[in-house]
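If you're matching them up, the sequences are chains A and B in order. Using my numbering, you'd call the opening residue of the first sequence number 1 and step up by one each time. Using my numbering, you'd call the opening residue of the second sequence number 1 and step up by one each time.
To be clear, the hints were calculated from the coordinates, so they are not data collected in a lab. Please read these numbers as outputs of a predicted model, since none were measured by experiment. Just so you know, not all the hints are guaranteed correct.
[To be verified] A short, non-exhaustive set of chain B residues, derived as facing chain A with CB atoms under 8 Å: (1) V30; (2) A84; (3) I88.
[What the hints assert, rightly or not] With a Cα cut of at most 25 Å, we get these calculated DMTMM-like pairs of lysine to aspartate or glutamate: (4) A:K69 - A:E58; (5) A:K69 - B:E18; (6) A:K89 - B:E26; (7) A:K94 - B:E98; (8) A:K89 - A:E58; (9) B:K20 - A:D86; (10) B:K36 - B:E119; (11) A:K89 - B:E98; (12) A:K94 - B:E70; (13) A:K50 - B:D103; (14) B:K54 - A:E95; (15) B:K154 - A:E37; (16) A:K69 - B:E27; (17) A:K94 - B:E26; (18) A:K50 - B:E119; (19) B:K20 - A:E58; (20) A:K50 - B:E87; (21) B:K36 - A:E58; (22) B:K154 - A:D75; (23) A:K69 - B:E26; (24) A:K94 - B:D67; (25) A:K69 - B:E98; (26) B:K20 - A:D49; (27) A:K94 - B:E35; (28) A:K50 - B:E26; (29) B:K54 - B:D103; (30) A:K50 - B:D4; (31) A:K50 - B:E98; (32) A:K94 - B:E27; (33) B:K36 - B:D157.
Virtual Cβ for every residue (Gly too), placed ideally from N, Cα, C.
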Amino acid sequence: MPVLARWIEAAGIPTVVVTMMPAVAEERRAPRIVGVEFPFGHPFGMPGDKAMQRRVLELALRVLAGAAKFGTRVDLDIEWPVSLRDAYKAWQPKEASPIVRRFLAALPARGECGA
Amino acid sequence: MIVDSYRFLPRSFRPLYEGKGPFPGEETPVWAPFEKRLQASRIALLTSAGLYLKASQPPFDVVREQDNPEWGDPSWRSIPAGAAASEIAVAHLHINDEDILSDPEIALPAHLLDQLAAEGVIGSATAEHLSVMGYQDRSLQAWREQTLPDLVAKLRDQQADGLILAPA
Chain A
1 MPVLARWIEA
11 AGIPTVVVTM
21 MPAVAEERRA
31 PRIVGVEFPF
41 GHPFGMPGDK
51 AMQRRVLELA
61 LRVLAGAAKF
71 GTRVDLDIEW
81 PVSLRDAYKA
91 WQPKEASPIV
101 RRFLAALPAR
111 GECGA
Chain B
1 MIVDSYRFLP
11 RSFRPLYEGK
21 GPFPGEETPV
31 WAPFEKRLQA
41 SRIALLTSAG
51 LYLKASQPPF
61 DVVREQDNPE
71 WGDPSWRSIP
81 AGAAASEIAV
91 AHLHINDEDI
101 LSDPEIALPA
111 HLLDQLAAEG
121 VIGSATAEHL
131 SVMGYQDRSL
141 QAWREQTLPD
151 LVAKLRDQQA
161 DGLILAPA
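All chains, please: the whole structure from these sequences, using the hints.
Dropping the structure here:
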């Protein structure tokens, strides 16, 4: 996604990436970045929470229109209102994706926990 | 406050993302200045959550991905700004899609953007937004050669002054 943003920017259209992984977007050299500490699949926040979604979208617009230079990153200070344990489980697909199945099969057997 | 980019990622996946540096050939800065006032600008959205219109568009090809795990469907869909949640489906094997299906605005806030236009925060939103499926083969070759020209042409056709991209 940061690379796609770069290509579109290079075609003359200003871009901002709203991302759960702003450190990766920085490494990938996206022109403008808004970081959110939200679970994957939720870049604009909680379903039904219009106020939270608006805070993300307004920050994205501000960074899109107001960033003075390449690589500008602004992180949004909103804590995800669900426990890490629950949110960590909730964002993941019910069935592991094909590549993840392959990746996990190649790991030495041990408990998997990212929390 | 600095966001922890790996907070929700399984620990064993972190090395797949961290410390990779720029994409090959994408090391130098790119910059298109945003020259207008927001109030006079037209804004477009792009999601990589694999959204499509279930009545009129094919899903992203997740069947082929099952057979070939390193491949991801590089095609794209146009999502009308006024599409209702009930018209939108998701084809993406790497996330739980329940929250997006219940409220697609968390991935593609098209109605909220229209509301900001009505309030005068921005000039307008494009009539159509863009959807791709973010899991792609490592080279991104199909995205670059096939999808990118279409996306740029669509954005120009819609006279977008800026684009907000959100990965899933």
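For each hint, the structure was consulted:
no. : hint           : verdict
1   : V30            : holds (5 Å)
2   : A84            : violated (15 Å)
3   : I88            : violated (13 Å)
4   : A:K69 - A:E58  : holds (19 Å)
5   : A:K69 - B:E18  : holds (24 Å)
6   : A:K89 - B:E26  : violated (34 Å)
7   : A:K94 - B:E98  : holds (10 Å)
8   : A:K89 - A:E58  : violated (29 Å)
9   : B:K20 - A:D86  : violated (29 Å)
10  : B:K36 - B:E119 : holds (18 Å)
11  : A:K89 - B:E98  : holds (13 Å)
12  : A:K94 - B:E70  : holds (20 Å)
13  : A:K50 - B:D103 : holds (10 Å)
14  : B:K54 - A:E95  : holds (22 Å)
15  : B:K154 - A:E37 : violated (31 Å)
16  : A:K69 - B:E27  : holds (16 Å)
17  : A:K94 - B:E26  : violated (35 Å)
18  : A:K50 - B:E119 : holds (15 Å)
19  : B:K20 - A:E58  : violated (30 Å)
20  : A:K50 - B:E87  : holds (20 Å)
21  : B:K36 - A:E58  : holds (17 Å)
22  : B:K154 - A:D75 : violated (30 Å)
23  : A:K69 - B:E26  : holds (17 Å)
24  : A:K94 - B:D67  : holds (18 Å)
25  : A:K69 - B:E98  : violated (37 Å)
26  : B:K20 - A:D49  : violated (34 Å)
27  : A:K94 - B:E35  : violated (44 Å)
28  : A:K50 - B:E26  : violated (36 Å)
29  : B:K54 - B:D103 : holds (15 Å)
30  : A:K50 - B:D4   : holds (24 Å)
31  : A:K50 - B:E98  : holds (18 Å)
32  : A:K94 - B:E27  : violated (37 Å)
33  : B:K36 - B:D157 : holds (18 Å)
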